[in-house]
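In order, the protein sequence lines correspond to chains E and L.
Mapping to our numbering: the first sequence position 244 is 244, numbers consecutive.
Mapping to our numbering: the second sequence position 186 is 186, numbers consecutive.
Calculated directly from the structure, the hints in this document are not laboratory data.
Think of the CB as a built atom: it goes at the ideal place given N, C-alpha and C, for glycine as much as any other residue.
Careful: at least some of the hints might be erroneous.
Stated by the list, open to error - Pair ranges (Cβ atoms, derived): (1) R290(L) x D440(E): 38 to 46 Å; (2) E402(E) x A197(L): 38 to 46 Å; (3) N24(E) x G6(L): 22 to 30 Å; (4) D214(L) x S420(E): 40 to 48 Å; (5) A138(E) x E67(L): 24 to 32 Å; (6) E402(E) x E74(L): 35 to 43 Å; (7) K356(E) x H221(L): 33 to 41 Å; (8) E67(L) x G143(E): 16 to 24 Å; (9) L297(L) x E398(E): 34 to 42 Å; (10) Y305(E) x V300(L): 18 to 26 Å.
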Amino acid sequence: MARITIDPVGRVEGHLKIDVTVDNGEVKDARASGPMFRGFEQILIGRHPMDAQRLTTRVCGVCPAVHSVCSSLALDQAIGVADQIPDNGRIIRNLILGANYLQSHILHFYALAALDYVDPAAAADYTGDDAGLQQLAAFLQRGEWAPFVPRYEGDLCLDKETNAAAASHYVRALDMRRLTHEMVATFGGKMPHEVGCVPGGACEVPTADKAASFLGRLQDVQRFIDECYVPDVVAVATAYPDYFEIGKGCGRYLAYGLFDMDTTETDLMKRPRYLPSGALNGQLGAVDAQAITEDLKYSYFQDDYSRLHPSEGRTEPQADKPEAYSWAKAPRLNGEPYEVGPLARWLVAYHAGDEKVKPAVDSLLAALDAEPAALQSTLGRHAARALEAKLVADAMAEWVLELEPGAPVCADYELPETGSGTGMVDGPRGALLHHIDIEDSVISRYQLVVPTTWNVSPRDDEDKPGPIEQALIGTQIRDEKNPFEVVRIARSFDPCLACAVHIIDAKDKELGRYRIV
Amino acid sequence: MMTQQGTQEIPVVWLQGTGCSGCSVSLLNAAAPRVANVLLEELVPGKHVQVRFHPTIMAASGELALEILFDMQETEEGYVLILEGAIPEKMPYIGGTTGEGEELSIVTTFTELAEKALCVVAVGTCAAFGGIPAAAPNASGSKPASQVLAEHGIETPCVNVPGCPAHPDWILGTLVHVLLHGLPTADDVDEHGRPRAFFGQLIHENCPRRADFDAGKFASHHGEPGCLYELGCKGPVTYSDCPLRQWNSGISWPIGAGSPCLGCVEPGFPDIGSALYKKISADQLPRIERDETTGELKYVAPASAPCSEPSE
Numbered sequence: 001m002a003r004i005t006i007d008p009v010g011r012v013e014g015h016l017k018i019d020v021t022v023d024n025g026e027v028k029d030a031r032a033s034g035p036m037f038r039g040f041e042q043i044l045i046g047r048h049p050m051d052a053q054r055l056t057t058r059v060c061g062v063c064p065a066v067h068s069v070c071s072s073l074a075l076d077q078a079i080g081v082a083d084q085i086p087d088n089g090r091i092i093r094n095l096i097l098g099a100n101y102l103q104s105h106i107l108h109f110y111a112l113a114a115l116d117y118v119d120p121a122a123a124a125d126y127t128g129d130d131a132g133l134q135q136l137a138a139f140l141q142r143g144e145w146a147p148f149v150p151r152y153e154g155d156l157c158l159d160k161e162t163n164a165a166a167a168s169h170y171v172r173a174l175d176m177r178r179l180t181h182e183m184v185a186t187f188g189g190k191m192p193h194e195v196g197c198v199p200g201g202a203c204e205v206p207t208a209d210k211a212a213s214f215l216g217r218l219q220d221v222q223r224f225i226d227e228c229y230v231p232d233v234v235a236v237a238t239a240y241p242d243y244f245e246i247g248k249g250c251g252r253y254l255a256y257g258l259f260d261m262d263t264t265e266t267d268l269m270k271r272p273r274y275l276p277s278g279a280l281n282g283q284l285g286a287v288d289a290q291a292i293t294e295d296l297k298y299s300y301f302q303d304d305y306s307r308l309h310p311s312e313g314r315t316e317p318q319a320d321k322p323e324a325y326s327w328a329k330a331p332r333l334n335g336e337p338y339e340v341g342p343l344a345r346w347l348v349a350y351h352a353g354d355e356k357v358k359p360a361v362d363s364l365l366a367a368l369d370a371e372p373a374a375l376q377s378t379l380g381r382h383a384a385r386a387l388e389a390k391l392v393a394d395a396m397a398e399w400v401l402e403l404e405p406g407a408p409v410c411a412d413y414e415l416p417e418t419g420s421g422t423g424m425v426d427g428p429r430g431a432l433l434h435h436i437d438i439e440d441s442v443i444s445r446y447q448l449v450v451p452t453t454w455n456v457s458p459r460d461d462e463d464k465p466g467p468i469e470q471a472l473i474g475t476q477i478r479d480e481k482n483p484f485e486v487v488r489i490a491r492s493f494d495p496c497l498a499c500a501v502h503i504i505d506a507k508d509k510e511l512g513r514y515r516i517v
Numbered sequence: 001m002m003t004q005q006g007t008q009e010i011p012v013v014w015l016q017g018t019g020c021s022g023c024s025v026s027l028l029n030a031a032a033p034r035v036a037n038v039l040l041e042e043l044v045p046g047k048h049v050q051v052r053f054h055p056t057i058m059a060a061s062g063e064l065a066l067e068i069l070f071d072m073q074e075t076e077e078g079y080v081l082i083l084e085g086a087i088p089e090k091m092p093y094i095g096g097t098t099g100e101g102e103e104l105s106i107v108t109t110f111t112e113l114a115e116k117a118l119c120v121v122a123v124g125t126c127a128a129f130g131g132i133p134a135a136a137p138n139a140s141g142s143k144p145a146s147q148v149l150a151e152h153g154i155e156t157p158c159v160n161v162p163g164c165p166a167h168p169d170w171i172l173g174t175l176v177h178v179l180l181h182g183l184p185t186a187d188d189v190d191e192h193g194r195p196r197a198f199f200g201q202l203i204h205e206n207c208p209r210r211a212d213f214d215a216g217k218f219a220s221h222h223g224e225p226g227c228l229y230e231l232g233c234k235g236p237v238t239y240s241d242c243p244l245r246q247w248n249s250g251i252s253w254p255i256g257a258g259s260p261c262l263g264c265v266e267p268g269f270p271d272i273g274s275a276l277y278k279k280i281s282a283d284q285l286p287r288i289e290r291d292e293t294t295g296e297l298k299y300v301a302p303a304s305a306p307c308s309e310p311s312e
């Protein structure tokens, strides 16, 4: 038995630690944990309700827009204006969230995941016409290769031509990602931490020139997705077919849906959304929001508050809890772990027979000569993310033209002295829930159940491991000194620990005791 | 260190404490130079900023990554240490786990690296002033870089580049200043250690909605035209060049999107600005007054705290 501890796992957002126990090259046990704590839920108590929206946006610098939208959805309900959001406000929220989706997906595949599959250093002897590769080659020829080395060695196997194309796109993706943030800023003032979305709608007044500016940038990004991103994912999938076989996870998928198409329905799980909500556990069912609980047996929190709905939940740390190993809670739906994220959204939509999603998936599977079951894998997550980037980009090109200059952007309201609301919406990394209670005109409770907490969750009260843990268990590790498989599987979930862990770290001696022998 | 082609390499170590990675992402938004140029080319003639360690960019994980930091501590090279996020003294074990199973404290990693660094650049309001993680009740014990350095008796110079997030021009402009002209002098920074080049003027002084303020035209709801003072704008008490520089390649900025300024570059954000939408009192506004004894006109600077009272 050997214990491999990877801490930090590089190229994820925030601080992620993975421990795996390996026997005869196979992962027998896996524990995922996040050690960073800022205490958002405690920070918000006693503050002005409107502050929640601006502060929770800052939970995460990579996906701030979805926190901004989700907190606004919770406040819409608490204020009583959930069905009064003007169309302009609804559309601007969708454009801000959608552009942030493109940012997050492009950033994830190129800046974070690509170095697991693509070897930029192979461009050192490049002599062709591609400007990005010329720039990369000149850099490499100077002889100092940080931050592309050091790295795990031994399993980078794209052919030279494919690798060169992907390396060129790695450089170009930096510009494309910047354009997506400029799109957010067009209607959100600035990015990260846009300020265009507010409870009641939006505060940016749309004009034709802003729509044109948004659309102009979007068209460049659409070309990049069509010509580079989707083909690169197919190329990686073709070169690393074994990653369709591993990293499956818990096999249950949860999505809250996103992009409100109409706001007259106040029950968010019934609201018409561009991508649908659903819970897939063999069969596809509706999301019963009341059946969501958070288990605490293996988390550093007092057991008294375990298996409660977030509207009743409390975050009471207990750093000396003997069984605990993570500062993330263990969210469960009907007591079961669920994977969230692009793959979950796409499997839910696929099983719902969504007329946009089904043909896109079928066509990709045909190109890869793969069965639908292959999607439930490391590469399946990358593929769903790429297809989703295309779908969202193409949809936004239509939505931006639906804005009406001069029409209202925000509902009028007075803040209530008491109220409560629950926002539920899918972010780039999956299902996000914000719950607010207001008493005496201040926040009396604020609870977040964020996507990465679902995915990186520790074992629950019944000892069932979380989705990333299940994805790692059973994996064959070829070389314990270069555990490519572990980081590739974990990274395919696009974990964002800045979001996942709201509460403190204590020194986890139990997990730190072992090393590879 | 010089490379084969005569380029001087300036190593940079970028540590992340309690933060959201938003300043790293903001740096990716750099328009001129673009971030690809920063990573691959000389930032100023003859000098290349070599990003040795950056959790979200580097290829390395686990022990491989930690070895980069250990090497830095043993080398004699001059390097720049950048901190994003605050230093969580009460729960510091976010510095990684060594091969021997020892969990590293970010306090130790930061202070040991800072001791030998050419300078420390505290990027973003969390690193510069504590920011949101240090907001009450501050359960993680988060502290800004300058305070940790002072408490450990480390005299390495520290420049504060606040903002939630920091603007990429502010980050790169500060680095370029160091590479071209050396460390900022006492005259180059304000009393909070911020470069005056970026944080020298009030937002209120350069705000495109200033004429509305002077004319008493105030927005009372989101989405209305007019000055955002009644909606709680902190522009009159916040020092930053946002209205001139704008954000994201000059597309827009918060007040341009109809949102009140939150005062995110100021020490004490978000506590002293809370409630973020609370109107600042008239006696905190910058103004011209006639001196009662001399009879001469004088400028009265805004009260230093963006908003003194907690939420209504």
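Now the hints, each set against the structure:
1. Range check, R290(L) to D440(E): about 43 Å between beta-carbon atoms, so the 38 to 46 Å window is met.
2. Restraint check, E402(E) to A197(L): a C-beta distance of roughly 42 Å satisfies the suggested window 38 to 46 Å.
3. A hinted range of 22 to 30 Å for the beta carbons of N24(E) and G6(L) is inconsistent with their spacing of about 52 Å.
4. Remark: the range hint 40 to 48 Å for D214(L) to S420(E) is upheld by a beta-carbon distance near 42 Å.
5. Between A138(E) and E67(L) the C-beta distance comes to about 27 Å, which sits within the given range of 24 to 32 Å.
6. Evaluation of the 35 to 43 Å hint for E402(E) and E74(L) yields a failure: the beta carbon distance comes to about 60 Å.
7. Between K356(E) and H221(L) the CB atoms are about 36 Å apart, so this pair conforms to the stated range of 33 to 41 Å.
8. The hint said 16 to 24 Å for the Cβ distance between E67(L) and G143(E), and at roughly 20 Å that hint holds.
9. Between L297(L) and E398(E) the CB atoms are about 57 Å apart, so this pair departs from the stated range of 34 to 42 Å.
10. Between Y305(E) and V300(L) the CB atoms are about 51 Å apart, so this pair departs from the stated range of 18 to 26 Å.
Consistency note: the structure conflicts with the earlier hints numbered 3, 6, 9, 10.
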